[in-house]
Amino acid sequence: MVNYFFLITLLPLIGFLVNGIFGYKIKNEKVAGIIGSGTILGSFIIALIAFFQLLGMPAEQRTITVTLFQWITAGSFNISAAYLIDPLSVVMSLIITGVGFLIHVYSIGYMHGDRGFARFFAFLNLFIFAMLNLVLGDNFLLMFLGWEGVGLCSYLLIGFWYEKKFTGDAANKAFWVNRIGDLGFMIAMFYILVNFGSLNFGAVFGAAGSSIAPGSTLITVITILLFVGATGKSAQIPLFIWLPDAMAGPTPVSALIHAATMVTAGVYMVARCSILFALAPFTMDLILAIGALTAFFAATIAVTQNDIKKILAYSTVSQLGFMFMALGAGAFSTGIFHVTTHAFFKALMFLGAGSVIHSMHEEQDVMNMGGLKNKMKVTFLTFLMGGIAISGIPPFSGFFSKDEILTNVYLSGNYLFFGLGVLTAFMTAFYIFRLIGLTFYGNPRYDEHKTHPHESPKVMTIPLIILAVLSVIGGFIGLPHIVGPNLIDHFLEPVFASARTILPVHHIEAGTEIMLIVISVFVAVVGIFLAYRAYAKAYKPEVSRNPVYNFVQNKYKVDEFYNAVIVTPLRMLSNLLYKFFDLIVIDGIVNGSGKFFTSLSGDWRKMQTGVIQDYAVISVAGIIAIIIFVLLVVK
Amino acid sequence: MINNILSFLIFLPIILSIPILFFKAGKDKLIKTYTIAVTIVVFILSIILYFGFDASKSDFQFVEKVQWVTDFNIFYFLGVDGISLLLILLTTLIFPVTILAVWNSITTRTKEFYFLLLILEGSLIGVFLSLDLILFYVFWELILIPMYFIIGIWGGKNKYYATVKFFLYTMFGSLLMLVAIIWLANYATPMIGKFTTDYTELRKVSIFMPLNIQMWMFIFFGLSFAIKVPMFPFHTWLPDAHTEAPTAGSVILAAVLLKMGTYGLLRFSIGLFPLTFVRFAVPIAILGVIGIIYGALLCIAQKDMKKLVAYSSVSHMGFIVLALAGMTVESVQGGLIQMVNHGLSTGALFLFVGFIYDRRHTREIADYGGLTKIIPIFASLFLVVCLSSIGLPGLNGFVGEFMILAGSFASPNLHNNIYTILGTIGIVLSAVYLLWMYQRVMLGPVENEANRNVPDLNKREIISIIPILLFIVWIGVYPNTFLSKSEASVKRVIENVEAAKKNILNIY
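Those protein sequences? They're chains P and D, same order as listed. The numbering of the first sequence is the working numbering, which starts it at 773 and goes up by one. The numbering of the second sequence is the working numbering, which starts it at 376 and goes up by one.
There could be a bad hint or two in this list.
Okay, derived cross-link-like pairs now, DSS-like style, lysine-lysine, Cα gap no bigger than 25 Å in a straight line [as the list claims (entries may be wrong)]:
1) D:Lys532 / P:Lys1351
2) D:Lys678 / P:Lys936
3) D:Lys834 / P:Lys799
4) P:Lys799 / P:Lys1230
5) P:Lys1149 / P:Lys1351
6) P:Lys797 / D:Lys748
7) D:Lys834 / P:Lys1367
8) P:Lys936 / D:Lys748
9) P:Lys937 / D:Lys532
Calculated directly from the structure, the hints in this document are not laboratory data.
Kindly produce the complete structure, drawing on both the sequences and the hints.
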């Protein structure tokens, strides 16, 4: 077959260059918007072609490698720029370009009239380019290129409205925290390169599968370091702090980067390296624990937030925690399944929130909303679909993937984390319907003379409708055993085959499966019911005096903690080193020795005769003296 | 001509600097046009050299060797290998770029300034091409003179303090080097059968000298290189010299002069005393890592943009020191490409600081804020350069840093990967200090009214910076264009080290 698959990444790159370099000349928004969205549509179509081409091949042979060129060659390093097209990367590419395309289209409406319209599309395209490199790269280094590239785009887009003070702070925080995670990734690469002699996925995974003993120190160290990278990019404990602040960016960015795609990079990375993680049971347990704790704590914060985007941001952190629970339980394809459904319903809800914020003139506090359901019908109905999906009501998509995660955690025997997961599922239904109740139901709590909420234009609502449809039916690609075939699990199977041979196999009885479904539906219904009763009515905001509630609402004061133990000491150390050690101690010694000789010269200045020959003689004599000293004494 | 191309590279700028002195004073435009034309010709010569260079050979090429001081067998001896080739290209690129970029910055004593620049270029090329130690020393010292005047005449407020410190500090180092050169040649006389300062002769015998003698020679050579790099704790002349120098001086100082130090370490310290270098690999790596972290921490404390960039040099050069200490093909190749990268990125950073200084006459970070809205082209290009310095994959800095760290990670000479792991902290810190500076200068609201009417980059400034941006992307995406040229030469250096290790095992 022809290797035109490199166009998947090339098209967004072209879009970036055109809008980035000539953007200031493109006065017509439509042109910039069509270039931006069209290139992504093109990538999506090529990804679809790749998908069908893979389907046409025997399951075990479904990999296509596209080598572009040798990237870095030196000594024993031989790293190529090459793409690996296999079921996992194709699924990810379809999500990225498919959901990405819808968000690009939506942005044409959302960013209408913005001074940086072309710049916005340039950055979005650059992001898609980097993200596709992340998932398509056939070696760790190219993945890392995409990995840091999406971090850069995240930085650029969070700080898109650079004239506001806090966007710069949020953008820097995102970049720095991610870089800390990236160090883990990088050091892991060094270990891999040194021990396996390559960074190529095929070579490393092959060698690991055949030569590494399960649970060995080396593999545990490598996987923990990789996971540190994942906690940065995918906003898990302890590096989750940047994601809520990242909401300073335009809302389509929050939908695309900080919900649907980039933040799932960590999940993708662990899934891609499934064989390495399968060999490190300790790391798997760690991932399960971190995932469960993150899911739980983020959900508790989400319950207390009033900013519509912050609620969704903590919800994202929490849902990412669910994905890591799946990975930690060894259910790699389930993790990717949840990535898929989450991309649909969370992108939908963010775009819906954007639609609300737009019509409310940049108001983001749900306490100042209320009663919008009749004024923005499409936004309301589609948001509701997303809400039902994330809550886990069958047959909406979120139900299938979340139920599958909880089932797998249950089967792995970690009942504590299973319980935490169920509790989190309950809170999820509650906080999302609290949001829906406060926003769309009840009494208007804004100044109705000044603000006139209205439905958004079609260019924004059509993407909402498409995503709503996907959120409703998207779950059918992964049905539970008792209902029907699990298509996505089956499609991804070859990628995880070698990991599965190492991991314990769990068989599930129909009775258990039904029981688990009943539990997860039950908690979702209770959560929705409670939230509906409390918030879907005329509501009067009040300030809580409960210290525990306030502590949670203040995000457990994690930011303050990090500031106190890392940021402030770092600045103090820098100042101390500069003002005391460098300027006084080191430079003091340098200048001191200079002064010493100056004072000596005061006495010796009589030697200054002004005759050049004298100086020459003295200089030569000095050098000879040093040589003699060296020859005699040093020897 | 092709046979004497190296002499042309050195002496074309030096000889053609003389006519400048006869230009009429006040004909600034003519002088500048003339100078940039000369530097472009030199750049074209170096391109010819690049294409004429046979990358498969590890020997010195285009060799020119003439007796200079017959009695002492001192030669006019030039040659180029993959290592010096890349640094020559860097040097000849930086000069025209800088001259174009600072076109209107020098308004007094123009004649003298451009005269000195050409002398400086010729002597810098001489340093990288000399294969006779005395010849090398002559060019090494020659550089001090134009640099002394460039900072001393066209510098800032504290220029006298900075020049004297720069001059004395480096002079101190070079005198020790001179002692070492004579001592080495003298000690080698019975082994070779004659007194000579021919590098290729000396390196054959220097490895057989007693280890304690080698150690002292190594230290004498090494100190002058360490000061030039500069390695911690010999770095304090650098921020002063950088801050006081005019933009062109800072750019050339950072981009090319500092490379003399790392080049010297690679060519002479490792080349002549491989075993001693191996013995000292760990302390050198430690100094490199201290430089990385310490330099980066000091950057965070800076309030002056130019000082910040100066201290960032200390940090970035630390990576190159670590690369040399690692002494594997991968790390040294990475170190070499990083010398070029640092020249491009830090050179460009100084240019951008210069652009903004020319407009507002202040370098205080606190005087700025929100410039992106006022000067968007400057903002985007400046960001690209910052990202290259931060080591973003896809741009040049990443390739160098990755190769250095990965190459030194399992270095047999360092016995431990802790140095590399600590070195990676510098990668986080570089993002911290550069993006923080970028935020304070470029982002946020415009708070200082004096910045409202700052003009954006003009065509000349954009054109001057484009070649650097081109190489920043080129090296990031396809570094093999350059890595392939130096691979054979670097391999040979490493093979010599390994061979010396084996030899010593045979002797003892």
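Evaluation of the provided hints:
1. D:Lys532 / P:Lys1351: Holds, at about 20 Å.
2. D:Lys678 / P:Lys936: Roughly 22 Å between the alpha carbons, so the hint for D:Lys678 and P:Lys936 holds.
3. D:Lys834 / P:Lys799: holds (22 Å)
4. P:Lys799 / P:Lys1230: holds (22 Å)
5. P:Lys1149 / P:Lys1351: violated (62 Å)
6. P:Lys797 / D:Lys748: holds (17 Å)
7. D:Lys834 / P:Lys1367: At roughly 48 Å apart (the allowed maximum being 25 Å), P:Lys1367 and D:Lys834 break the hint.
8. P:Lys936 / D:Lys748: Between P:Lys936 and D:Lys748 the Cα gap is close to 11 Å, so the pair holds against 25 Å.
9. P:Lys937 / D:Lys532: With Cα atoms ~34 Å apart, P:Lys937 and D:Lys532 exceed 25 Å; violated.
Checked against the numbered hints above, the structure violates hints 5, 7, 9; every other hint is satisfied.
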